[in-house]
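Colleague: Taken in order, the sequence shown gives residues 78 to 546; the numbers are from our numbering.
These are calculated hints, taken from the structure and not from any lab test. Hints are not guaranteed to be accurate.
[Unchecked claim] In silico BS3-like links for lysine-lysine, alpha-carbon gap of 30 Å or less:
#	residue 1	residue 2
1	239	293
2	193	239
3	384	151
4	293	134
5	151	193
6	151	134
7	258	239
[To be verified] Beta-carbon label-pair distances, calculated as ranges:
#	residue 1	residue 2	range
8	265	131	55 to 61 Å
9	365	208	21 to 27 Å
10	135	301	54 to 60 Å
Backbone N, C-alpha and C define an ideal beta-carbon position, used for all residues, glycine too.
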Amino acid sequence: MTDERQRLAGAVHAMIDAGVDGDPAAFEALALDVFAYQYEHNGPYRAFCDALGATPKSVGDWQEIPAYPTESFKRDIVTSFPLAEAVMANITSGTTSPNQRGQIFRDEIGRGLILKANAVMTGSYLFPDLERTGRLRLLLLTPGPDLAPTMGMAIGMDETRKRFGTDDSAFLVGRTGVDVKRTVRMLRQSETDGTPVTMVGATSAFVYFMHTCRRKRMRFCLPAGSRVCDGGGYRGRFGEVTREDFYDMVFETFGVERSWCINTLGMAESATNYFDDTLRNTVMGLSGERHKPAPPWTRVVAVDPAKGDPLPPGEMGLLCHYDLANLPTVIGVQTDNLGWTDERGGFEIAGRARVVSGRAELEPGDRPVGPMGDTGTFRLLEAYVNFSIAFKSMLISSSSPKADYLELRRELGDDDVTLSCPTVVEDLVAGAEDAGARARGEAALSAFQRIAAAEGDAAAPGSPRVPDE
Numbered sequence: 078m079t080d081e082r083q084r085l086a087g088a089v090h091a092m093i094d095a096g097v098d099g100d101p102a103a104f105e106a107l108a109l110d111v112f113a114y115q116y117e118h119n120g121p122y123r124a125f126c127d128a129l130g131a132t133p134k135s136v137g138d139w140q141e142i143p144a145y146p147t148e149s150f151k152r153d154i155v156t157s158f159p160l161a162e163a164v165m166a167n168i169t170s171g172t173t174s175p176n177q178r179g180q181i182f183r184d185e186i187g188r189g190l191i192l193k194a195n196a197v198m199t200g201s202y203l204f205p206d207l208e209r210t211g212r213l214r215l216l217l218l219t220p221g222p223d224l225a226p227t228m229g230m231a232i233g234m235d236e237t238r239k240r241f242g243t244d245d246s247a248f249l250v251g252r253t254g255v256d257v258k259r260t261v262r263m264l265r266q267s268e269t270d271g272t273p274v275t276m277v278g279a280t281s282a283f284v285y286f287m288h289t290c291r292r293k294r295m296r297f298c299l300p301a302g303s304r305v306c307d308g309g310g311y312r313g314r315f316g317e318v319t320r321e322d323f324y325d326m327v328f329e330t331f332g333v334e335r336s337w338c339i340n341t342l343g344m345a346e347s348a349t350n351y352f353d354d355t356l357r358n359t360v361m362g363l364s365g366e367r368h369k370p371a372p373p374w375t376r377v378v379a380v381d382p383a384k385g386d387p388l389p390p391g392e393m394g395l396l397c398h399y400d401l402a403n404l405p406t407v408i409g410v411q412t413d414n415l416g417w418t419d420e421r422g423g424f425e426i427a428g429r430a431r432v433v434s435g436r437a438e439l440e441p442g443d444r445p446v447g448p449m450g451d452t453g454t455f456r457l458l459e460a461y462v463n464f465s466i467a468f469k470s471m472l473i474s475s476s477s478p479k480a481d482y483l484e485l486r487r488e489l490g491d492d493d494v495t496l497s498c499p500t501v502v503e504d505l506v507a508g509a510e511d512a513g514a515r516a517r518g519e520a521a522l523s524a525f526q527r528i529a530a531a532e533g534d535a536a537a538p539g540s541p542r543v544p545d546e
């Protein structure tokens, strides 16, 4: 570890330790120092900067620092430290090709920065009332790191569980998808014992679960202080659902007010996750429309897709993230996410972008980026989770769930491998050219689709079966 690397890491830690209300004044000078260090030690990034004519001698403002495209992380190992010192690797977020993915490596310094940054962000925006409430019961509609060790979301949720969750907090995506029966049981338990719940998961998984509850006429009345945190965006698969509709459904299903609903955005290429500020504002008695603030150690800019110039607040462009916690990789990351910034230094994301004749437009179907990425591989995970919700919500009210489950196992053919949603995803990512792995994944999804559809057709209209709780 070089002295300069230690100095920079210490300065970034100090900014993060100061919290989301810390002084942002140190950002510009520190950003230029981080850029100079990365230019010297990161070969692919240096070549990219040289091609643009940007060097530490010519760059005098942080907004002049080149932002490295997310697409390039697929082709190169983008590290500003010796790769032999890597202790953490995450699969890159959504890209245009599901069969060509990269990894983001971090050394011990980078690991410490990303964990601290997200502990501060999570504590500030998801648990701003922790001193009053104490630890909450976490229901995590995500796989854990034991099943998805390279998924940043799984690693991050495990840290959240350790820092903020009660001992009975749980990951509810297992080897056969979402454990619906346990989810229902834990929600009812909180209704009974009064322990507030924090539910965390993909937006579309919440939408699917809430649709299932609506069909089965199930509602929950969670204790005051319960909250819902959804990651990414809804992809429009189950009918039109606006963000306002989503809040209405959360209240209808769980009894959680919209001010206690938080959307979060994270990506493997950048260290810091962003959260809506609505819950923090509610707890602190502040006003203001919902938005995602950029903490003092980051900056978010919307840029013109044709020229790369920064756009004024409110104007739609490609979002670019500058993050000092990206010390082990590159400080600036240019995404293909379409969004805008606001006058308060925050931002909102509209969805994945495509560029047509120099103008950024939403991809067909308005596909917002999600916490699991936006490739075919991760859409398989999302679909598998959703169909497992449908399938299991029927199983737990069936007269012979064990027989139905064994029939499913016989149809799929493999013991645990085919049934393991995260394992299927890992197979597809690690062996993108392995036709057998892809076939197993598709077979598992198709089986759940057929069974869920058959069970749905068999249900009498207007007479939904309520699970045995």
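Colleague: Each hint: holds or not?
Modeller: Going through the hints against the structure:
1. In summary, the hint linking residue 239 to residue 293 is not supported, as the alpha carbons are separated by about 34 Å, beyond the 30 Å threshold.
2. For the proposed pair residue 193 and residue 239, the alpha carbon gap of about 13 Å is at most 30 Å, so the pair holds.
3. For the hint linking residue 384 to residue 151, the alpha-carbon distance of about 24 Å falls within 30 Å, and the restraint holds.
4. Proposed proximity of residue 293 and residue 134 is contradicted: the alpha carbons are some 64 Å apart, above 30 Å.
5. The straight-line distance between the Cα atoms of residue 151 and residue 193 is roughly 26 Å, inside the 30 Å bound, and the hint therefore holds.
6. Proposed proximity of residue 151 and residue 134 is supported: the alpha carbons are some 29 Å apart, at most 30 Å.
7. The suggested pairing of residue 258 with residue 239 holds, with an alpha-carbon distance near 24 Å, which does not exceed 30 Å.
8. Separation of residue 265 from residue 131 is about 58 Å and conforms to the stated range, judged on CB atoms against 55 to 61 Å.
9. Residue 365 and residue 208 have their C-beta atoms about 23 Å apart, which keeps the hinted 21 to 27 Å range intact.
10. One distance hint, 54 to 60 Å for the beta-carbon pair residue 135 and residue 301, holds here, with the actual separation near 56 Å.
Comparing the model with each earlier hint shows violations of hints 1, 4; every other hint is respected.
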